[in-house]
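4 protein chains.
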Amino acid sequence: MVQPCSAVIIGVGPERGLGATLANHFAAEGLHVFIAGRSIEKLQRVADTIQHKGGLVTCMVADATIESEVKQLFEAIRCSNSVLQIAVYNVDSNTPAPFLKTGTEAFTQLWEQNCLGAFLFAKQAIVSMQPNRQGTLIFTGATASLRAKPPFTAFASAKAALRALAQGLAREYSPKGIHVVHTIIDGVINGDRAAQQFPEYYQAKGQDGLLKLEAIAETYWSIHCQHPSAWTHELDLRPYKEPF
Amino acid sequence: MVQPCSAVIIGVGPERGLGATLANHFAAEGLHVFIAGRSIEKLQRVADTIQHKGGLVTCMVADATIESEVKQLFEAIRCSNSVLQIAVYNVDSNTPAPFLKTGTEAFTQLWEQNCLGAFLFAKQAIVSMQPNRQGTLIFTGATASLRAKPPFTAFASAKAALRALAQGLAREYSPKGIHVVHTIIDGVINGDRAAQQFPEYYQAKGQDGLLKLEAIAETYWSIHCQHPSAWTHELDLRPYKEPF
Amino acid sequence: MVQPCSAVIIGVGPERGLGATLANHFAAEGLHVFIAGRSIEKLQRVADTIQHKGGLVTCMVADATIESEVKQLFEAIRCSNSVLQIAVYNVDSNTPAPFLKTGTEAFTQLWEQNCLGAFLFAKQAIVSMQPNRQGTLIFTGATASLRAKPPFTAFASAKAALRALAQGLAREYSPKGIHVVHTIIDGVINGDRAAQQFPEYYQAKGQDGLLKLEAIAETYWSIHCQHPSAWTHELDLRPYKEPF
Amino acid sequence: MVQPCSAVIIGVGPERGLGATLANHFAAEGLHVFIAGRSIEKLQRVADTIQHKGGLVTCMVADATIESEVKQLFEAIRCSNSVLQIAVYNVDSNTPAPFLKTGTEAFTQLWEQNCLGAFLFAKQAIVSMQPNRQGTLIFTGATASLRAKPPFTAFASAKAALRALAQGLAREYSPKGIHVVHTIIDGVINGDRAAQQFPEYYQAKGQDGLLKLEAIAETYWSIHCQHPSAWTHELDLRPYKEPF
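If you read the protein sequences in the order shown, they are chains V, C, H and A. So for the first sequence, this note's numbering puts the first residue at 1; every next one is plus one. So for the second sequence, this note's numbering puts the first residue at 245; every next one is plus one. So for the third sequence, this note's numbering puts the first residue at 489; every next one is plus one. So for the fourth sequence, this note's numbering puts the first residue at 733; every next one is plus one.
For the record, the hints were derived by calculation from the structure and aren't laboratory data. Just so you know, not all the hints are guaranteed correct.
Calculated from the model, a selection of chain C residues having no Cβ within reach of chain A, i.e. all distances over 10 angstroms [said to hold, decoys possible]:
hint	residue
1	Thr293
2	Gly298
3	Val371
4	Ala392
5	Gly450
Think about it this way: if two alpha-carbon atoms lie no more than 30 angstroms apart in a straight line, the pair counts; the simulated DSS-like pairs of lysine-lysine are [to be verified]:
hint	chain 1	residue 1	chain 2	residue 2
6	A	Lys833	A	Lys881
7	V	Lys176	H	Lys637
8	C	Lys485	H	Lys589
9	H	Lys559	C	Lys345
10	V	Lys71	V	Lys53
11	A	Lys881	A	Lys944
12	A	Lys937	A	Lys881
13	A	Lys908	H	Lys693
14	C	Lys456	C	Lys297
15	V	Lys149	H	Lys559
Here are the in silico distance ranges between beta carbons for each label pair [stated by the list, open to error]:
hint	chain 1	residue 1	chain 2	residue 2	range
16	H	Gly665	A	Val734	42 to 52 angstroms
17	A	Thr836	V	Tyr201	40 to 50 angstroms
18	V	Glu75	H	Thr537	55 to 65 angstroms
19	C	Ile310	A	Glu946	44 to 54 angstroms
Beta carbons: idealized from backbone N, C-alpha and C, even for Gly.
Next up, chain V with everything else stripped away, as it sits in the complex (with noise of 0.2 angstroms):
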């Protein structure tokens, strides 16, 4: 019997997100996909589309900073006894603030949920993955892994050591077939966040001005499927229009 094969992607919040994107997008090419986020409310209506769609997928309330919780998700996923073959953490919290008016606990979230919390899942992305030398680990970047710039000092500090695990990572364990990958976002995505967060913005981009959440989830399936003789370990994402 063919064991199937699964997805799991931590940060699934809005049904126009990128983490539920990229859920619809894995349930399509028939992999059972695991997401987890804070909201179940959220998860579940994306659960819902996906099943309405014939996909199969499982919810799982957990926070990415509590180990224990992320635990418990790679334990649904190994009870489901599929081959994990792709996890993305895609938890992305940032907090603009002039730096005198960021505080000690918002500076600690920021690292907690943009980096710690990757590291409590890649650890476990890697526990599943190891035993059959093959998965797919992707981390979701921003602008700020690669430059910081007040107001986003904070963020673009948690980005950077986002960044440095990944790329750790991808030095230990590509040689043990885990492909690991780093994005990085540079722009706006086109999703509910920005359209509620920052409306008049998302108006002025206008199309094509913001990245589309289904073009950003074909580039994460194909950088996937590469062939391990020549993986890619970072790339950028851009709309055409965005300066950089």
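Starting from the known structure of chain V, arrange chains C, H and A on it as the hints suggest.
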């Protein structure tokens, strides 16, 4: 009547080489492929294979560093009345040497082949693509594009010049609809060149220790297919075993 | 009456260590030096030497990762009624380990010591320096600030976070007159720590294969002395023999 | 009898320029200074000032891109029987233009002046310094060395080529005792060139918004004076007000 689509690749040599593989791949996707290089014999052999498989191909002998020859190449494309979709600058010239053993001519030639030729090629490609506000322009880079190590200092200098050229072009032409890509091939390509030039290294690397030609071509194609709202400008490609 | 000038260094340990050497150098330049670290015995020994040479020094036991202790340190400086000229974050904590052997606590602690402490320290330093629109804030980085290699992934992640913090602060506070510097110490420092922790490596490197403490201190001082029209934000320091 | 020490700077033009300022600074430190450039009138004016202050200076008309002229320059130094301590490649040529308006000749010339000349100069400097296993070789870079932005694409390509050359040389010659340095001048220098070429910009930047010539020279000198156990290869220099 629908206008046919075309691709152009300069730096096409041995059949088991990246240029030839890209040509085969693009022809199989239905593009009229223009291939250019310095040896008519090599070009003809590549063309025969493509035609044999039912592809449409045109050979042009051209030295990438000679402006008039590059112009002629693109005039042939314009005469074909096709829409140029992809242009790949695939010339790669490397002559390792200690610094004091690197002659002025050798230093200049590496720059001419890796960078000046790309400048000439890019100019013609942009002139062809600009009226349609579309097209993908890919430059093949190397490990040395990012780091200069002896005995590759002269090569690294030329490749760094190429990378900056590609980056400046991306900033200038992305907003005008032209997708400019720089790839970093970090490892040795599993082709005729390595097999002949470093047979022992070639043997030692073994299965998947060298970049498979077709694997690279697939990534080039998928980057070309990206939606303009989420374009990649730079990505690395590396065998999973390759230390970096 | 002229206000005295002061410097503060956190991360002062053994006498033959970078923190102690900077303290001696700054005291010799006539600054009142505040030195902080976790061991009163070590601080006292450093202070004795400085006082013996006629320098002015104040010891403060402080854990850089505890906000209240960092605050107390700067309150002591403010009470001294001196003008804070230089603040050096010199805490450097490194525990190499394969990724799966890196515990959550160890990962977190490396970040706290290399980055969170720098955040707390920078905040107080900026609050002290801002009214005068002058002062130099230096963060000591490492090879790993730029590249993450196992078994240093956790360390590299923390150091990359520190580097981004320093960069964001430079962009925010340079225009306000505060000189923010990030140094990349690329090699092993010729001090007590290396001598004790890796005695064989220490022996093998030989004369000038390790960074001389006083040589680093001289560069720190000359960077501090730069005219505001030509400030350095980042520089590397490396033994001439060190491969990179 | 003690052998005298010397310095050489190529790219010496107006009196209020970086080349001239370095020459004055090195002469004041007691070095016999060889200054080279294309205009004998300009060189003579710089030399007169140095001699007037009691310095030892030799003028040589030389085009940095012509190998024989660079050789003659260094033969003059060898004939002087001095020990060459510092060699600065200070040629900086920039002609902003949109890509399609950049001619092949202009593109080539920018590379020749910013990179090929540095190659020729470095070769002679290394040949002179190698027997003594000492000396400092400095290349003046720019913002564009790290980032290519239109209309500076051609300039950035040339400066990136120079940076890689400097990096390769550092890796090859540092272990042989030659200190190779690449500086990134990130801003406009407060000299005659800017005053004449962009008078409005020059006015607008105001006090300390432009890099002071003497401030740059001081950093060059202090980098030259570094102990070999703690050498800097690359550093940026930027007015405190300059956004980056």
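Consistency of the hints with the structure:
Listed as a non-interface residue, C:Thr293 keeps its Cβ farther than 10 angstroms from every Cβ of chain A; the least gap is roughly 34 angstroms. Non-interface call for C:Gly298 relative to chain A: holds, since the shortest CB-CB distance, roughly 37 angstroms, exceeds 10 angstroms. Not every C-beta of chain A lies more than 10 angstroms from that of C:Val371, the closest at about 7 angstroms, which undercuts listing it as non-interface. With a least beta-carbon separation of about 4 angstroms from chain A, C:Ala392 fails to lie farther than 10 angstroms from that chain, contradicting its non-interface assignment.
Consistency note on C:Gly450: stated as away from chain A, and its beta-carbon is indeed over 10 angstroms from all of that chain's, at 29 angstroms minimum. About 15 angstroms separates the Cα atoms of A:Lys833 and A:Lys881, which keeps this hinted pair within 30 angstroms; it holds. For the given pair, V:Lys176 sits about 15 angstroms from H:Lys637 by alpha-carbon distance, which is consistent with the 30 angstroms threshold. Distance check on the hinted pair: C:Lys485 and H:Lys589 sit about 22 angstroms apart at the alpha-carbon level, within 30 angstroms; holds.
Proximity of H:Lys559 to C:Lys345 is assessed by CA-CA distance (about 59 angstroms); at most 30 angstroms being required, the pair is judged violated. A C-alpha spacing of about 29 angstroms is found between V:Lys71 and V:Lys53, which places the hinted pair at or below 30 angstroms, so the restraint holds. Restraint check for A:Lys881 and A:Lys944: satisfied, since their Cα atoms lie roughly 25 angstroms apart, inside the 30 angstroms limit. The hinted pair formed by A:Lys937 and A:Lys881 meets the criterion: a straight-line CA distance of about 21 angstroms does not exceed 30 angstroms.
Of the pairs offered as hints, the one joining A:Lys908 and H:Lys693 holds, with about 15 angstroms between alpha carbons and a cut-off of 30 angstroms not exceeded. Among the hinted pairs, C:Lys456 with C:Lys297 is consistent with the structure: their alpha-carbon atoms are about 21 angstroms apart, no more than 30 angstroms. A C-alpha spacing of about 26 angstroms is found between V:Lys149 and H:Lys559, which places the hinted pair at or below 30 angstroms, so the restraint holds. For the pair H:Gly665 and A:Val734, the beta carbons lie near 44 angstroms from each other, so the given range of 42 to 52 angstroms is met.
The supplied range of 40 to 50 angstroms is met by A:Thr836 and V:Tyr201, whose beta-carbon atoms lie about 42 angstroms from each other. For the hinted restraint 55 to 65 angstroms between V:Glu75 and H:Thr537, the CB-CB distance of approximately 57 angstroms keeps it satisfied. Hint check: C:Ile310 to A:Glu946, Cβ distance near 47 angstroms, so the stated range 44 to 54 angstroms holds.
Of the hints listed earlier, those the structure fails to meet are numbers 3, 4, 9, in rising order.
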